[in-house]
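In case you want the letters, here they are:
2 protein chains.
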Amino acid sequence: MPLARDAEAVLVARFKALADPTRFAIFRLVAAQQEPICACDVVARFDLSQPTISHHMKILHDAGLITVERRGVWAYYAVVPEAVEFVTHMLGSLVPAQLGATA
Amino acid sequence: MPLARDAEAVLVARFKALADPTRFAIFRLVAAQQEPICACDVVARFDLSQPTISHHMKILHDAGLITVERRGVWAYYAVVPEAVEFVTHMLGSLVPAQLGATA
Numbered sequence: 000m001p002l003a004r005d006a007e008a009v010l011v012a013r014f015k016a017l018a019d020p021t022r023f024a025i026f027r028l029v030a031a032q033q034e035p036i037c038a039c040d041v042v043a044r045f046d047l048s049q050p051t052i053s054h055h056m057k058i059l060h061d062a063g064l065i066t067v068e069r070r071g072v073w074a075y076y077a078v079v080p081e082a083v084e085f086v087t088h089m090l091g092s093l094v095p096a097q098l099g100a101t102a
Numbered sequence: 000m001p002l003a004r005d006a007e008a009v010l011v012a013r014f015k016a017l018a019d020p021t022r023f024a025i026f027r028l029v030a031a032q033q034e035p036i037c038a039c040d041v042v043a044r045f046d047l048s049q050p051t052i053s054h055h056m057k058i059l060h061d062a063g064l065i066t067v068e069r070r071g072v073w074a075y076y077a078v079v080p081e082a083v084e085f086v087t088h089m090l091g092s093l094v095p096a097q098l099g100a101t102a
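Note that the protein sequences, when read in sequence, are chains A and B. Numbers 0 to 102, taken from numbering that gives the first Met the number 0, label the letters of the first sequence in order. Numbers 0 to 102, taken from numbering that gives the first Met the number 0, label the letters of the second sequence in order.
If we strip away everything but chain A, and leave its shape as in the complex, we get (with noise of 0.2 Å):
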């Protein structure tokens, strides 16, 4: 079934966002907290700047996964579900059921 020229582009946009080990990790973090997490408590855990974690977190606001919301002075960063689930739904549906069920 062909995708939407759309969606193909934001599941690779988001392939990309994820290809890089750093910045996985921070989208790990990121994503395991049950509320937004404080730029300050990212940086805290990473042995980067805070501009670089700025720019990695840009580039998984871009791609939808992340939300930024500002409070004050830091930034404070969410994870959107939705667009988790965007991911891996659209992959899951690229195998066949018959090939996936017998793996």
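Simulated from the structure, these hints should not be mistaken for lab results. Fair warning: this is a prediction, and the values are worked out from it, not measured in the lab. Please note that the accuracy of each hint is not assured.
One copy or any two copies: either way a pair holds, since identical chains are not told apart in the list.
Stated by the list, open to error - Dumping the calculated SDA-like pairs for lysine to any residue here, alpha-carbon to alpha-carbon at most 20 Å:
id, residue 1, residue 2
1, K15, A74
2, K57, C37
3, K57, Q32
4, K57, E34
5, K15, E34
6, K15, Y75
7, K15, D61
8, K15, A43
9, K15, C37
10, K15, A82
Dock chain B against the given chain A, drawing on the hints supplied.
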């Protein structure tokens, strides 16, 4: 929950392999087949040279997403359903269940 370092590396390598529009389109074609698909048929579907197709296939193969089998002069490609399931499962498990459920 921390992912094993190896699992994380495998996951990121698969994201990287899928993070190119052309390669993703090729992968989608391979993944949709019930039987291994001949390189000749892949070449026929894309406006790309055989070496370019082979290059993309090598990256997908190195990431564990497809198998390559030689039959006479042609290579045949098939999706590895478990590899796709690994990605969807790992990615899905990053988001806390409560968040996923209310999304």
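Structure-based check of each hint:
no., hint, in the structure
1, K15 with A74, "neither (23 Å within a copy, 28 Å between copies)"
2, K57 with C37, "within (15 Å within a copy, 40 Å between copies)"
3, K57 with Q32, "within (18 Å within a copy, 37 Å between copies)"
4, K57 with E34, "within (19 Å within a copy, 41 Å between copies)"
5, K15 with E34, "neither (25 Å within a copy, 29 Å between copies)"
6, K15 with Y75, "neither (22 Å within a copy, 27 Å between copies)"
7, K15 with D61, "both (11 Å within a copy, 17 Å between copies)"
8, K15 with A43, "neither (25 Å within a copy, 27 Å between copies)"
9, K15 with C37, "neither (24 Å within a copy, 28 Å between copies)"
10, K15 with A82, "both (14 Å within a copy, 18 Å between copies)"
Of the numbered hints stated above, those contradicted by the structure are hints 1, 5, 6, 8 and 9, listed in ascending order.
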